[in-house]
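*Asks:* Each chain is listed here by its residues.
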Amino acid sequence: MRVVSKREEAPGVRTLKLEFLKEEDHEFFKANYRTGMFGLYGIFGEGESTFCVASPETRKEYIECTFRQSGRVTSTLANADAGDIVTFRGPYGNRFPIEEFEGKNLLFIAGGIALPPTRSVIWSCLDQREKFGKVTIVYGARTVADLVYKNELDEWKQRDDVNLVLTVDPGGETPDWQDHVGFVPTILEQAAPSPDNTIAVLCGPPIMIKFTLTALEKLGFSPGNVYTTLENRMKCGVGKCGRCNVGSVYICKEGPVFTAAEVQAMPQQDL
Amino acid sequence: MTRILLHDRLDDCLAAWRSSGFRVLAPTRRDDLTRFDEVRSAAEMALDIIMPERTIKDHFFLQTEPMIRYRIKKQEIDTEEMLPPEQKRLFFGVRPCDASGLAIDDQLFGWDYKDAYWFQRRENSVIVTIACTKADDFCMCTSVQLSPDSTKGSDVMLHPLKDGRGWQVVTLTDRGKSLVDGIASILQEGTAETAPTASVPVKFDVDKVASWLADPASFESHLWKEVSQRCIGCGSCTFLCPTCHCFDIQDEGDTYSGIRRKNWDSCSFAMFTMHTSGHNPRNTQSTRWRQRIMHKFNYYRGKFDVNSCSGCGRCTRQCPVDMGITETLQVISNLPR
Amino acid sequence: MGIQEQYRIEAAELLSSGAVKLVIGYGQGSTPDRRRPVFIRSAEESKQLLLDSYCVANLSGYLVPEGLLSDGKSVGVFLKPDGIRSVNILTAEAQVNPDQVVIFGFDIENGNTKPLSGRKAIDFAPLIESMKSTGLSPELQHEADRLEQMSASERFEYWKAQFAKCIKCYACRQVCPMCYCRRCIVDVNQPQWVNTSSHTLGNFEWNIVRAFHLAGRCVACGGCDRACPVNIPLRLINHRMSKEALDAFDHFAGESADQKPVLATFRQDDPETFIL
Numbered sequence: 001m002r003v004v005s006k007r008e009e010a011p012g013v014r015t016l017k018l019e020f021l022k023e024e025d026h027e028f029f030k031a032n033y034r035t036g037m038f039g040l041y042g043i044f045g046e047g048e049s050t051f052c053v054a055s056p057e058t059r060k061e062y063i064e065c066t067f068r069q070s071g072r073v074t075s076t077l078a079n080a081d082a083g084d085i086v087t088f089r090g091p092y093g094n095r096f097p098i099e100e101f102e103g104k105n106l107l108f109i110a111g112g113i114a115l116p117p118t119r120s121v122i123w124s125c126l127d128q129r130e131k132f133g134k135v136t137i138v139y140g141a142r143t144v145a146d147l148v149y150k151n152e153l154d155e156w157k158q159r160d161d162v163n164l165v166l167t168v169d170p171g172g173e174t175p176d177w178q179d180h181v182g183f184v185p186t187i188l189e190q191a192a193p194s195p196d197n198t199i200a201v202l203c204g205p206p207i208m209i210k211f212t213l214t215a216l217e218k219l220g221f222s223p224g225n226v227y228t229t230l231e232n233r234m235k236c237g238v239g240k241c242g243r244c245n246v247g248s249v250y251i252c253k254e255g256p257v258f259t260a261a262e263v264q265a266m267p268q269q270d271l
Numbered sequence: 001m002t003r004i005l006l007h008d009r010l011d012d013c014l015a016a017w018r019s020s021g022f023r024v025l026a027p028t029r030r031d032d033l034t035r036f037d038e039v040r041s042a043a044e045m046a047l048d049i050i051m052p053e054r055t056i057k058d059h060f061f062l063q064t065e066p067m068i069r070y071r072i073k074k075q076e077i078d079t080e081e082m083l084p085p086e087q088k089r090l091f092f093g094v095r096p097c098d099a100s101g102l103a104i105d106d107q108l109f110g111w112d113y114k115d116a117y118w119f120q121r122r123e124n125s126v127i128v129t130i131a132c133t134k135a136d137d138f139c140m141c142t143s144v145q146l147s148p149d150s151t152k153g154s155d156v157m158l159h160p161l162k163d164g165r166g167w168q169v170v171t172l173t174d175r176g177k178s179l180v181d182g183i184a185s186i187l188q189e190g191t192a193e194t195a196p197t198a199s200v201p202v203k204f205d206v207d208k209v210a211s212w213l214a215d216p217a218s219f220e221s222h223l224w225k226e227v228s229q230r231c232i233g234c235g236s237c238t239f240l241c242p243t244c245h246c247f248d249i250q251d252e253g254d255t256y257s258g259i260r261r262k263n264w265d266s267c268s269f270a271m272f273t274m275h276t277s278g279h280n281p282r283n284t285q286s287t288r289w290r291q292r293i294m295h296k297f298n299y300y301r302g303k304f305d306v307n308s309c310s311g312c313g314r315c316t317r318q319c320p321v322d323m324g325i326t327e328t329l330q331v332i333s334n335l336p337r
Numbered sequence: 001m002g003i004q005e006q007y008r009i010e011a012a013e014l015l016s017s018g019a020v021k022l023v024i025g026y027g028q029g030s031t032p033d034r035r036r037p038v039f040i041r042s043a044e045e046s047k048q049l050l051l052d053s054y055c056v057a058n059l060s061g062y063l064v065p066e067g068l069l070s071d072g073k074s075v076g077v078f079l080k081p082d083g084i085r086s087v088n089i090l091t092a093e094a095q096v097n098p099d100q101v102v103i104f105g106f107d108i109e110n111g112n113t114k115p116l117s118g119r120k121a122i123d124f125a126p127l128i129e130s131m132k133s134t135g136l137s138p139e140l141q142h143e144a145d146r147l148e149q150m151s152a153s154e155r156f157e158y159w160k161a162q163f164a165k166c167i168k169c170y171a172c173r174q175v176c177p178m179c180y181c182r183r184c185i186v187d188v189n190q191p192q193w194v195n196t197s198s199h200t201l202g203n204f205e206w207n208i209v210r211a212f213h214l215a216g217r218c219v220a221c222g223g224c225d226r227a228c229p230v231n232i233p234l235r236l237i238n239h240r241m242s243k244e245a246l247d248a249f250d251h252f253a254g255e256s257a258d259q260k261p262v263l264a265t266f267r268q269d270d271p272e273t274f275i276l
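Protein chains in written order, with the numbering used here: chain A, 1 to 271; chain B, 1 to 337; chain C, 1 to 276.
Source of the hints: derived by calculation from the structure; they are not laboratory data.
In the DSS-like style, the derived pairs of lysine-lysine whose C-alpha atoms are separated by at most 30 Å in a straight line are:
no.	chain 1	residue 1	chain 2	residue 2
1	C	Lys114	C	Lys132
2	B	Lys134	C	Lys165
3	B	Lys225	C	Lys21
4	B	Lys74	A	Lys17
5	A	Lys131	A	Lys104
6	B	Lys73	A	Lys60
7	B	Lys203	C	Lys47
8	B	Lys73	A	Lys6
9	A	Lys150	A	Lys210
10	A	Lys253	B	Lys303
11	A	Lys6	B	Lys74
12	B	Lys114	A	Lys60
Residues from chain B shown here face chain C by an in silico Cβ test under 8 Å; the list is partial:
no.	residue
13	Gln63
14	Ile232
15	Val321
16	Asp322
17	Glu327
Calculated Cβ distances over 12 Å to all of chain B for the following chain C residues:
no.	residue
18	Glu13
19	Glu109
20	Phe266
21	Asp270
Quick reminder that beta carbons are idealized off the backbone N, C-alpha and C, glycines included.
Pulled out of the complex, with its shape left as it was, chain A reads as follows:
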């Protein structure tokens, strides 16, 4: 695929917008992509790296991916400029069953670099806003600078059909910070969204998921109504290389989208 544009979201975090080079690849993607699926993005000579597709299923003209520069492949991708060629393999995995969310209220919770997969679902729903009930987004990062999709956060803030609750960790606020200060689970409990007829979509690092799940259960959410995504080291993405399983579950084939109930049934030591 060709890089159309890139955007620096936060220190070390980039978004790349990619366009297809061949029409048949684009058709395949349009026919198969649903929100929640992931791909392997790569550069020949360096390797491949796994990220979600951060763009929603309602906008399939291009692919957006957001990643933190942390290793060999991500460092090279981070330096890619408009016009450069990168590779994409996918879309793989399962998806968020958003048609089952229709008519319900939606609660999106994300932390730091985990906003991208959530953002894909958020836009997939906001692009069909009339199908869903109340939409609440609770998002936090370590510091103000670490918040990603800053321009879209502003957009969501402006909308009156979205309730955006933004927070940064204690100590991460800037002098002109207007929103909340506190860890996501704490702020979530304060916001106290109702569990009635609500689906929660929760993405974040394992430790945040653990505490947020506890907070959600305290608020009356059942683990069957909470959706999350799992990550693991991947190489093939298609169930062959034997690397990404948590217990008997292959993240690349049976995930990455799971309900919290399914995650709780997995051997926790293998996460």
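Based on these hints, arrange chains B and C on the given structure of chain A.
*Replies:* Just chains B and C now, kept in the frame of chain A:
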């Protein structure tokens, strides 16, 4: 009709097979190692050994397999898929355990996405097994619901004759039938008494093991640490296993061209599940050992209805510190209920 | 009383008194002639300890894994002279504290085991000194000479055929007490210094890089050679490197606990035969 192949006609068979386009591979001893390699005469074959040190898997799932060649130009990238050559191959003298490994791995390599590299080689190969008349202390085929004369994964099975003159030929598949029909003039019609197959005592109850493994409480048992204390985390057992199939993908080349390859990898290696963030879900040898056993006798079994183990015993036979699957499964099998 | 019985009693005493928290020794393997590493934590378990001519593995590698010695407690370990040299090298390279290592020293001569007197590595200093003068691994001399007598291209063909068998299982690395790097050079991918593929180049790179990293550090315990599942005669390569280190720099690996690494130090009288 039953047929016999005499030892002293084997060279004629080889000649016939080679002239019909087969490369013939058999167990052979070269450079201080026994493995499957191309042979041109029966004299080169090492058929008297228990089993070759390396498995037949090496010829279907290569240690290092080129997948794609890429050439990076100004505004585009040329890629060329590097599929294996369409070369007919005949594997002669395969042990039933090694042959069953191929059939077991067919399940994984055909799961949803068909692995073209594996199946191209499988479809162009004929497997001729020889039933085992001897075994050693490490063999455990009977413990994993296989046997010294198992036909799983085989196209033609040869049963050694009691008088030692040759083998009884049993055709098992269509592919095997065309092979045998092709050498019908070299074979003798008739039957003869076959030698008794090796006696391989059952060492553990694999069904009991599977149900213990499937119990969620077993995942956190202290047994894992106890049985794996001496494991040093090398890849010997996984690489010599007829069914292990984990791999890594590596790009080798420079800025302008190179090859993307598939290389063997092992869940025993410390870096296998290491995330870039530094988090490693399996950062101790005991968790890695648990993954190995769980994968072979619980997860694979659950998905494909077959243990990911052919009972060859190479894991224990070759382990530098005398580990291997047998002992762990015996410990589990002997747990009080 | 034989050495096996004597050491079992000593191990039991040290464990019950709390002088050591663990004894690493040899136990019965899965066939009569196999011995495996065992980890004894109580006087009762010390009955599992065996000591005979089948006990050849160098167990010092088990001292290094993170955390074993970090509680300051002592660990007992059965070692032959090669293993004692390993402890010296590990001490010189700041990987173990020799005061925490209680050695059950033994050697194998003509099929019999004999005890070596001493408790800490320093006690065996005279023995290690005398080893230096007997020459490197006399049992390898015949094969080493055979290789030396080959021409360079014959030798290259020999090693090419041997390395072609390599499957990159890293058993040689994992079993070696001297290979303790948390991230081995083959696991570094920025840049990928050593190819992980097992084609000719990848195999040559790996085996030769490892031989260089062991130059002046290999104690010729033979662990790598025995561990290699495809029978590559790794001892011969490391033997050659040890010979170079001895001839050129009078360096005998593991001679003492404060020995400086041969490739990282220089003396003014180092030979400079490469300078014309």
